[in-house]
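Kindly produce the complete structure, drawing on both the sequences and the hints.
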Amino acid sequence: MKTFRLDDILPPGPLAIDPALVEHWLERFIADELVRRRGMRAVLVGLSGGVDSAVTAYLCARALGPDNVHCIRMPYATSSPESLAHAAMVVKALGCRERTIEITAAVDGYLQFEPDADGRRRGNVMARTRMLVLFDLSQKYGGLPIGTGNKSERLLGYFTWHADDTPPLNPLGDLFKMQVWALARHLGVPREIVEKAPTADLVRGLTDESELGISYPRADPILAYLLMGYHQEALERGGYSAAEVQLVRHRLESTHWKRHQPTTAMLTNTAINEFYLRPVDY
Amino acid sequence: MHASVAAVQFQPRKGEIEANLDRIGEIFADLAREDPPDLIVFPEASTTGYFLEGAVHELARSAQEYADALQRRWKAATGGAREVDVVLGFYERDAGTIYNAVLYATLGGAAPRLRHVHRKLFLPTYGVFDEGRFVARGRRIGVFETTVFPSAMLICEDVWHSICPTIAAVKGAQVVIVPSASPGRGIAGPEIETVQRWRSLLRNAAGEHGIYVVYAGLVGFEGGKGFTGTSMVVAPDGRIVVEGQPFEECVVRARLDSDAIDVARAGLPFLGDLDSVLPDLLLDEELPLPRGGRVTR
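Respectively, the protein sequence lines represent chains X and H. Everything in the first sequence is counted per the numbering used here, starting at 1 for the first residue and increasing by one. Everything in the second sequence is counted per the numbering used here, starting at 1 for the first residue and increasing by one.
What the hints contain is simulated information worked out from the structure, not anything from laboratory work. Here the structure is a predicted model, which means the values were calculated and not measured. Don't be surprised by glycine CBs; every beta carbon is placed ideally from N, CA and C. Any given hint might turn out to be false.
Claimed, not checked - Simulated restraints, written as ranges between beta carbons of each label pair: (1) X:Q246 - H:A188: 50 to 56 Å; (2) H:P190 - X:D116: 50 to 56 Å; (3) H:Y126 - X:L267: 28 to 34 Å; (4) H:L274 - X:G13: 23 to 29 Å; (5) H:Y126 - X:P12: 21 to 27 Å.
As the list claims (entries may be wrong) - Simulated crosslink set (DSSO-like; lysine-lysine; CA at most 30 Å straight-line): (6) H:K75 - X:K258; (7) X:K92 - X:K258; (8) X:K151 - X:K2; (9) X:K258 - X:K196; (10) X:K92 - X:K140; (11) X:K92 - X:K2; (12) H:K14 - H:K225; (13) H:K14 - H:K75; (14) H:K14 - X:K151; (15) X:K140 - X:K196; (16) H:K14 - X:K140; (17) X:K151 - H:K225.
So this is what it looks like as structure tokens:
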């Protein structure tokens with residue numbers, strides 16, 4: 001007798017994505033949230049040379065037209081020249097507006113008083129300086145800063161709090177890194193950008209995956225299954241090692257605070273966002 | 001017996017009741033000028049937007065206020081030369097209690113006739129949804145006479161519970177009207193997964209009972225959540241007659257015909273079977289139903 005049987009508990013394809021659907025959806029999102037709700041037409045994207053900001057710029061250019069997209073390159077002295085070149089490729093491909101602001105003097109202006117700051121602190125100062133530039137230029141250009149953070153780095157806490165996560169609109173925040181890569185290929189982002197190892201470009205040669213201790217193709221499905229509600233045992237039965245599941249879980253469970261607003265002492269029955277609840281678009 | 005129906009895939013401005021009513025008035029004028037329908041259906045929360053949180057206290061109105069407001073706009077749009085039935089989703093305030101509701105009114109006469117108000121029974125309160133925190137739930141499914149077909153209304157999650165269209169059909173509804181505000185989720189395939197789910201739910205509801213289902217979906221983004229629209233009319237044989245596109249405003253129109261109901265029920269007499277079997281099923285003492293003042297289990 002023929003038997004049909006499936007013992008695997010994990011559903012297949014947790015990262016499956018139809019890039020054409022997502023492109024259409026996110027372009028509608030950008031147009032609707034920016035033009036209809038805020039009455040604005042222009043955006044500013046901090047273009048790092050990496051795939052997240054490239055995809056964001058492509059989506060914005062298609063939703064709003066390239067003339068309404070200001071791509072801001074903000075290199076520091078140690079930033080890789082390759083990153084700057086890759087950012088230039090995006091600007092050229094899209095025909096959008098471009099501005100390059102060196103942040104070295106601003107960053108070093110502060111860090112001269114903290115010469116012992118380690119790499120992490122220096123990286124955070126650079127990320128926050130970039131947001132300072134982006135928000136200031138947004139006033140000048142009458143546009144809105146657009147976030148470029150993806151779901152993987154948000155869940156792993158792999159970003160600078162109140163820097164990368166500050167722009168009021170974020171098209172990619174519900175897409176894992178693997179899905180961003182799929183979307184990038186669909187949009188025609190230059191191959192060099194899609195295929196290079198992802199890096200925050202804060203310390204030369206240091207990639208996301210070497211710093212995190214796990215690759216995105218391993219971390220993303222683990223994150224996806226954990227968010228669906230599957231436990232460690234189910235993931236281990238599904239072929240993920242105890243060590244890698246533990247690593248991802250630790251990063252996820254120790255960074256909930258980074259995905260929230262600051263903790264405010266509640267003293268009354270009208271505490272904001274506790275009792276006084278109004279939606280962001282009201 | 002037949003009726004022309006228009007389901008309007010509407011994108012409201014958040015919290016701007018007057019502006020949204022004025023826009024509804026413009027749509028009235030367009031529809032009346034082109035080919036006036038007998039029934040116009042607007043989605044859930046059309047006058048305010050869906051995600052309101054505590055702002056429901058500022059924005060809830062009575063059904064009569066909306067019936068009067070719609071009557072003024074219909075008369076302004078058409079001069080009141082003809083009548084029309086309108087379904088509108090709104091946040092309702094009644095005697096100090098707030099509901100997520102839809103009204104069914106006949107406009108165009110000397111005064112609007114408010115034929116029925118349905119209050120949402122199943123308030124989604126999970127994940128992105130938080131309705132149970134801000135509004136009270138309805139308690140019954142009413143079937144009411146209209147200009148054409150006896151009808152019932154269900155709001156969004158109501159129809160995800162198959163017992164709701166079943167009760168509506170058993171009570172005699174030939175048309176079930178479903179205003180909805182569904183934030184899309186699911187990107188694995190070329191179609192939004194929640195849209196596929198809706199299609200299957202509505203087709204099952206229509207096909208099982210030999211009824212028309214008229215679905216009007218909200219569109220637009222609210223705080224990153226994109227309402228999918230895909231308004232549709234499903235025939236009594238479970239076939240989708242017409243369907244709107246996702247995310248964009250549009251009007252979906254179809255003709256409802258009693259012959260189609262008769263033919264579907266003759267081919268698949270499930271509703272008659274249910275009429276006969278349902279009392280036995282409901283008398284099952286293991287069902288958690290109220291009996292003699294207590295719920296049995």
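Now for the hints, and whether the structure bears them out:
Taken as a hint, the range 50 to 56 Å is violated for the pair Q246 of chain X and A188 of chain H, whose Cβ atoms sit roughly 28 Å apart. Checked against the given bound of 50 to 56 Å, the beta carbons of P190 of chain H and D116 of chain X, roughly 54 Å apart, stay inside it. Here the CB-CB span from Y126 of chain H to L267 of chain X is close to 30 Å, well matched to the stated 28 to 34 Å. Checked against the hint of 23 to 29 Å, the pair L274 of chain H and G13 of chain X fails, with Cβ atoms roughly 38 Å apart.
In this structure, Y126 of chain H and P12 of chain X meet the distance hint of 21 to 27 Å, their C-beta atoms being roughly 25 Å apart. Only pairs whose Cα atoms come within 30 Å are accepted, and K75 of chain H paired with K258 of chain X is rejected, the gap being roughly 54 Å. Between K92 of chain X and K258 of chain X, the direct Cα distance comes to roughly 35 Å. Violation of the 30 Å bound is thereby established for this hinted pair. Distance check on the hinted pair: K151 of chain X and K2 of chain X sit about 43 Å apart at the alpha-carbon level, beyond 30 Å; violated.
A hinted pair counts as satisfied when its Cα atoms are at most 30 Å apart, and K258 of chain X with K196 of chain X qualifies at roughly 27 Å. For the suggested pair K92 of chain X and K140 of chain X, the alpha carbons sit about 23 Å apart, so the restraint of at most 30 Å is met. Proposed proximity of K92 of chain X and K2 of chain X is contradicted: the alpha carbons are some 59 Å apart, above 30 Å. Among the hinted pairs, K14 of chain H with K225 of chain H is consistent with the structure: their alpha-carbon atoms are about 13 Å apart, no more than 30 Å.
Of the supplied pair hints, the one linking K14 of chain H and K75 of chain H holds, its CA atoms being roughly 25 Å apart against a limit of 30 Å. Taking the CA atoms of K14 of chain H and K151 of chain X, the gap is near 28 Å; set against the 30 Å cutoff, the hint holds. For the suggested pair K140 of chain X and K196 of chain X, the alpha carbons sit about 33 Å apart, so the restraint of at most 30 Å is broken. The straight-line distance between the Cα atoms of K14 of chain H and K140 of chain X is roughly 28 Å, inside the 30 Å bound, and the hint therefore holds.
Between K151 of chain X and K225 of chain H the CA atoms are separated by roughly 16 Å; this keeps the pair inside 30 Å, and the hint holds.
Of the hints listed earlier, those the structure fails to meet are numbers 1, 4, 6, 7, 8, 11, 15, in rising order.
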